[in-house]
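Single-letter residue listing:
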Amino acid sequence: MNNNRKKSMFINFIKRFCKNKLAVAGFIVLVLISLLVIILPPFLTYSESEIDPLAFSSPPSSTHLLGGDDVGRDVFSRLVYGGRVSLFVGLLSTFISVLIGIPLGIIAAFYRGIFESIIMRLSDVFLSFPSIILILFLVSIFGPSIITVTVVIGVLGWPLFARLIFGTVLSIREKDYIEGAVAIGETVRSIIFKYILPNAIAPILIQITFRIAAAIVLESSLSFLGMGVQPPAASWGNMLYNAQSITILTDKPWMWLPPGIALLVTILSINFVGNGLRDALDPKTKIS
Amino acid sequence: MKRYISRRILVSIPTFFGITILVFLVSSLASGSPLELLLSNQNISEAEIKRQSIKLGLDQPLYIQYFKWMGNMLTGNLGESYRTMQPVMDMIINGLGATFLLAITAVILACLISLPFGIQSARYQNKAWDNISSVFSFFATSTPSFFLGLVFLYFFSVKLKILPIGGMNDIGQENNVLSLLKHLIMPAIILSFQMVGTLIQFIRSSMLEVMKEDYVRTARAKGLKERVVIIKHVLRNSLIPVVTYLGMEIPLLLGGAVVTEQVFSWPGLGLLMIKSIAARDYPVVLGITVLVAVAVLVFNIITDLIYGLLDPRIRYD
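Chains as they are written, first to last, in our numbering: chain A, 1 to 288; chain B, 289 to 605.
Since the hints were made in silico from the structure, they are not lab data.
Just so you know, even glycine gets a beta-carbon here, dropped at the ideal spot from N, CA and C.
It is possible that some hints are incorrect.
Computed list of chain B residues with no C-beta within reach of chain A, every gap over 10 angstroms [as the list claims (entries may be wrong)]: (1) E368; (2) I396; (3) Q408; (4) A416; (5) L472; (6) K510; (7) I528; (8) P539.
Here are the simulated DMTMM-like pairs of lysine to aspartate or glutamate, each with C-alpha atoms no more than 20 angstroms apart in a straight line [unchecked claim]: (9) K19(A) x D282(A); (10) K513(B) x E501(B); (11) K449(B) x D251(A); (12) K447(B) x D251(A); (13) K15(A) x D282(A); (14) K21(A) x D418(B); (15) K21(A) x E186(A); (16) K415(B) x D279(A); (17) K520(B) x E501(B); (18) K520(B) x D502(B); (19) K175(A) x E186(A); (20) K21(A) x D282(A); (21) K356(B) x E368(B); (22) K19(A) x D418(B); (23) K7(A) x D282(A).
If we strip away everything but chain A, and leave its shape as in the complex, we get:
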């Protein structure tokens, strides 16, 4: 493919994506949130774990924008640091899923036979098992921490990508151009990189977007249950953990509303972007 055509395809994709206003809005919000959580921390007066004895359960004020939590930490700082954790876990664990899932899916589809039965059967079992139970089980063995949570969520996400690429490879492996490539003696490696992956990039990209959202929800649910990111480290999920106490839920909404809303807005934005990508990348949907 020459450069000009690539360029025009890209411009076409941008145009299609921009037609979907919700997707664009979601994208802008995501960029803003990412910038905030990356740039802001060095400028904050309080770190995520710093305790200000005067701020103990204090409502929002000029020194503590969103008030203090139940041990006197600054809620706004924790919100920013927690956002870092959520995005980090979401991105890294999805990266792990892709790294495991894509090769396994390609192996299953390319070599068929025993590889296919084992890999696909395994992915069935993984997909139908409620992942939070599996994650809880694993976390109970390996102990809760950001690393465990990221790795476990990442490892458990592989079947999504394996299945996706499996389907794509099966549908194009019988095509004439693959047969042609085999006939002129191209290696399996070059066939995979030159013909198969470019064909699969669109659906994988869409799946990645949705998986990041799902991974963030998983992480925050675990942290909410007290089995994920452990205080003093902040995570949107573990900031909501305290709201399980009825006094905090009733009288101190500044402790739990901000992380909840931040989480909701982030997930909603990612899903809007994913939806926009799906519309823009799928040539079958017509955008008027």
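Using the hints provided, position chain B relative to the given structure of chain A.
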């Protein structure tokens, strides 16, 4: 049909053993086994530790331990809880009832909420109804259930004081159905929300697909009322993929139930799991994990069968 069922069950058996072997191996890596708790006590002699490990069977090779555990499990003995000293099986059965009630109510609610939304948005594609229900389903899929649960608690229990804050019954009213329903309604709605978003989109696209079929045009051409066409011809046929989706989703609900049960202190399997993990009560954690695996396998088979009953085009041979 019989042959199909037996083959399906036969295929599930190696999967079941695969899962149990994996779960057993991973759990043998666990720190904080009862033996280690003993080891941390300085006053205990070498001989006592040896005696205990023989008593618990921990001196034997791993595969022997697995076979013993497996054998016990197949006879319904999951061991004793380290925390409460009760048989694990009894504790699980206690929790299972509560979780089952919650999950079934959630599935029914999810269908009741999403059917009208899905049907209307397919009938009036790209009109107001369609847009409303698509925004609604977006919110339903994107809201983390624990946050929504807390918001519900805040409004209905704290502010309006019309629903109880948690648990399954009021004290002393264990047989009061009305009180049970009051406790059930919020967690069930929250749990159903997890499915509602996807379900609406599923029903919508499945109906749009069916509406293009020739037999629907025939039904309209015959002069049938729109109601009859939609209910008898379109809906019935478009429910097939919906049933498959539900069948796959029900075991996954057990996962969502963990979070919901924690928010509303609903005394089900999820709450038991969280408590047991916090107390390092491994027999219970192991028992629940294996039980969920069995539930998943059983539901997969049931879904396959219902699929066949609904769609006569599928033949089992």
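Now the hints, each set against the structure:
1. E368: Consistent with the label, E368(B) stays out of reach of chain A, its closest Cβ about 18 angstroms off (over 10 angstroms).
2. I396: Holds: least Cβ distance 20 angstroms, greater than 10 angstroms.
3. Q408: holds (21 angstroms)
4. A416: About 17 angstroms separates A416(B) from the closest Cβ of chain A, which puts it past 10 angstroms; holds.
5. L472: It holds; L472(B) is separated from chain A by about 19 angstroms at its closest Cβ, greater than 10 angstroms.
6. K510: holds (32 angstroms)
7. I528: Label holds. Min Cβ-Cβ 19 angstroms, cutoff 10 angstroms.
8. P539: violated (6 angstroms)
9. K19(A) x D282(A): Status holds; Cα separation ~14 angstroms.
10. K513(B) x E501(B): With Cα atoms ~17 angstroms apart, K513(B) and E501(B) stay inside 20 angstroms; holds.
11. K449(B) x D251(A): Distance ~15 angstroms between K449(B) and D251(A) Cα, so the pair holds.
12. K447(B) x D251(A): holds (11 angstroms)
13. K15(A) x D282(A): Given pair K15(A), D282(A) holds - Cα atoms ~13 angstroms apart, limit 20 angstroms.
14. K21(A) x D418(B): holds (17 angstroms)
15. K21(A) x E186(A): Answer violated: K21(A) to E186(A) is near 44 angstroms, above 20 angstroms.
16. K415(B) x D279(A): With Cα atoms ~19 angstroms apart, K415(B) and D279(A) stay inside 20 angstroms; holds.
17. K520(B) x E501(B): holds (14 angstroms)
18. K520(B) x D502(B): holds (15 angstroms)
19. K175(A) x E186(A): holds (15 angstroms)
20. K21(A) x D282(A): holds (17 angstroms)
21. K356(B) x E368(B): Measuring from Cα to Cα gives roughly 14 angstroms; hence the hint holds.
22. K19(A) x D418(B): holds (19 angstroms)
23. K7(A) x D282(A): The hint holds at about 18 angstroms.
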